[in-house]
Amino acid sequence: MSRRLRRSHEPPFWLLFGAGGLLAALILPAVVLFTGLIAPLSGRCGDSGLLEHARMLSLLSTPIARLACAGFIALLAWHACHRIYHLCHDLGLRGGAGLRWACYGTAALVSVIGLVLVMGLPHP
Amino acid sequence: MSERPTIVIEVRRWHPDAEQPPWWQAFELPYREDQSLLEALQHIKDELDGSLTFRWSCRMAICGSCGCMVDGRPELSCHLLMGDLAPGPVRVEPLAHFPVIRDLVIDQQDVLDKLPVAGAYLVPGDDTSATEPSRQTPAQVAEYAQFAQCINCLLCYSACPQYGLKPDFLGPAALALMARHDADSRDAGQAERREARDATSGVWDCTLVGHCTEVCPQGVDPARAINRNKGASARDYLLDLLLPGRRR
Ligand code: SF4
Ligand code: FES
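Protein chains in written order, with the working numbering: chain A, 1 to 124; chain B, 1001 to 1248.
Just so you know, these hints were derived from the structure itself, not from any lab.
Cβ atoms here follow ideal geometry from the backbone N, Cα and C, with glycine treated the same way.
Some hints here could point you the wrong way.
[Said to hold, decoys possible] Lysine to aspartate or glutamate pairs mimicking DMTMM-like chemistry, simulated, CA-CA at most 20 angstroms apart:
id : chain 1 : residue 1 : chain 2 : residue 2
1  : B       : K1166     : B       : D1110
2  : B       : K1166     : A       : D90
3  : B       : K1166     : A       : E52
4  : B       : K1166     : B       : E1132
5  : B       : K1045     : B       : E1010
6  : B       : K1045     : B       : E1028
[To be verified] So these bits of chain B aren't anywhere near chain A, every CB distance computed over 12 angstroms:
id : residue
7  : V1141
8  : A1148
9  : L1170
10 : D1198
11 : G1219
[As the list claims (entries may be wrong)] Label-pair restraints from in silico Cβ distances:
id : chain 1 : residue 1 : chain 2 : residue 2 : range
12 : A       : A19       : B       : V1141     : 51 to 59 angstroms
13 : A       : A97       : B       : L1122     : 36 to 44 angstroms
14 : A       : A30       : B       : L1112     : 43 to 51 angstroms
15 : B       : P1116     : A       : L93       : 31 to 39 angstroms
16 : A       : A108      : B       : K1166     : 25 to 33 angstroms
17 : A       : T62       : B       : R1186     : 31 to 39 angstroms
18 : A       : R55       : B       : V1141     : 54 to 62 angstroms
19 : A       : V32       : B       : P1124     : 51 to 59 angstroms
20 : B       : R1246     : A       : A68       : 27 to 35 angstroms
21 : B       : L1112     : A       : G105      : 39 to 47 angstroms
22 : B       : V1141     : A       : L26       : 33 to 41 angstroms
23 : A       : T62       : B       : D1240     : 31 to 39 angstroms
With the sequences and hints as input, model every part of the structure.
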């Protein structure tokens, strides 16, 4: 039996995946419910100010809030890309290093773009 | 007395010296509701075709010999009642992901080789007495008792799609036994098991499909054992990164 026990470098990716999964399970449904259903419906019922631009900006007025928002976006991206990477493997697609770079590269790119956009929002 | 009902059992057969690929053979036989599938297979062997080959021993779901695929799902044939399988037909195949020796008999050597790699045995510590018993509290036993119920039936290996894709994967039962010994207060082998645990073919080839836990006849829950160790492995990875020289 020849079996090399190579140490896996999966742990950091798995931790990001796990953190993103927690947020996706706990917070994302509330965000979808709020932005996709409650806010538009409340607009129809007369209160159109719930998702107003100025209100949203004031929500993100402190650096901490902005960092949290950028972190939320980043972790969801790492979660999704890690899932897609393993899904490809499960479907029998042997992408090798190229697939790994494509998946985790996308997650890194989304994280950076999210950070730049959120931090660069105008202050109210 | 009324006639006993009959059922059709289709068995996937293969003989090494038959010069043909595996074939399906259907047998129609009388059955009783409270008869096990193993007994039905024995009826086939005794009455219909003596060349049908399969393993069994205890007939009570404890030796782990009689595993096979039943309608696509890994099962112990002695643990299934014909009443639950009726009206059939029932399809019986050798356990998935293993080389077939003959008919329903598979070659388990790969898993037997992996048990020592996973450190699936108790490693005595320096303070373990050779003459005195090592006593444990009920709480210490509860730490590992569930993982110690494994009967090496290998149903979980047939259930695991990752083992099918990556034959190097140590697999559910070996990793559950790793966790079982790591959690034993009498054991001092955690450090020895780390290399296998942290390897790609250790806990990290698992993607938490969880089918191993569903098919296990002993309630071992290998998926939980593996994911507990993923947390420990990730912790050690970060600590090794932050504290150079911590390992090796
Ligand atoms: S963990 Fe369960 S399914 Fe796997 S070999 Fe042990 S008893 Fe069988
Ligand atoms: S014959 Fe022993 S487990 Fe089925």
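Here's how the hints hold up against the structure:
Of the pairs offered as hints, the one joining K1166/B and D1110/B holds, with about 12 angstroms between alpha carbons and a cut-off of 20 angstroms not exceeded. Among the hinted pairs, K1166/B with D90/A is consistent with the structure: their alpha-carbon atoms are about 10 angstroms apart, no more than 20 angstroms. Note on K1166/B and E52/A: the hinted pairing is violated, with a Cα-Cα distance of about 52 angstroms set against a maximum of 20 angstroms. Note on K1166/B and E1132/B: the hinted pairing is violated, with a Cα-Cα distance of about 44 angstroms set against a maximum of 20 angstroms.
Straight-line distance between C-alpha atoms of K1045/B and E1010/B comes to about 13 angstroms, which keeps the hinted pair within the 20 angstroms bound. With a CA separation close to 12 angstroms, the supplied pair K1045/B and E1028/B stays within the 20 angstroms bound. Every C-beta of chain A lies more than 12 angstroms from that of V1141/B, the closest at about 30 angstroms, which supports listing it as non-interface. With a least beta-carbon separation of about 24 angstroms from chain A, A1148/B lies farther than 12 angstroms from that chain, consistent with its non-interface assignment.
With a minimum CB-CB distance of about 9 angstroms to chain A, L1170/B fails to clear the 12 angstroms threshold, and the non-interface call is violated. A Cβ of chain A approaches the Cβ of D1198/B within 12 angstroms, the least distance being about 5 angstroms, so the stated non-interface status is violated. Consistency note on G1219/B: stated as away from chain A, and its beta-carbon is indeed over 12 angstroms from all of that chain's, at 26 angstroms minimum. At about 34 angstroms, the beta-carbon gap between A19/A and V1141/B misses the expected band of 51 to 59 angstroms.
With their beta carbons about 40 angstroms apart, A97/A and L1122/B fall inside the hinted range of 36 to 44 angstroms. Range check, A30/A to L1112/B: about 50 angstroms between beta-carbon atoms, so the 43 to 51 angstroms window is met. Taking 31 to 39 angstroms as the suggested C-beta distance range, the pair P1116/B and L93/A conforms, at roughly 34 angstroms. A108/A and K1166/B have their C-beta atoms about 26 angstroms apart, which keeps the hinted 25 to 33 angstroms range intact.
Separation of T62/A from R1186/B is about 54 angstroms and departs from the stated range, judged on CB atoms against 31 to 39 angstroms. Between R55/A and V1141/B the beta carbons are some 58 angstroms apart, a value that agrees with the proposed interval 54 to 62 angstroms. Look at V32/A against P1124/B: about 55 angstroms separates their beta carbons, and that is inside 51 to 59 angstroms. Roughly 32 angstroms separates the CB atoms of R1246/B and A68/A, a value that falls within the hinted 27 to 35 angstroms.
Taken as a hint, the range 39 to 47 angstroms holds for the pair L1112/B and G105/A, whose Cβ atoms sit roughly 41 angstroms apart. At about 35 angstroms, the beta-carbon gap between V1141/B and L26/A stays in the expected band of 33 to 41 angstroms. In this structure the hint that T62/A and D1240/B lie 31 to 39 angstroms apart at CB holds, the actual value being about 36 angstroms.
Of the numbered hints given earlier, the model fails hints 3, 4, 9, 10, 12, 17; all others are met.
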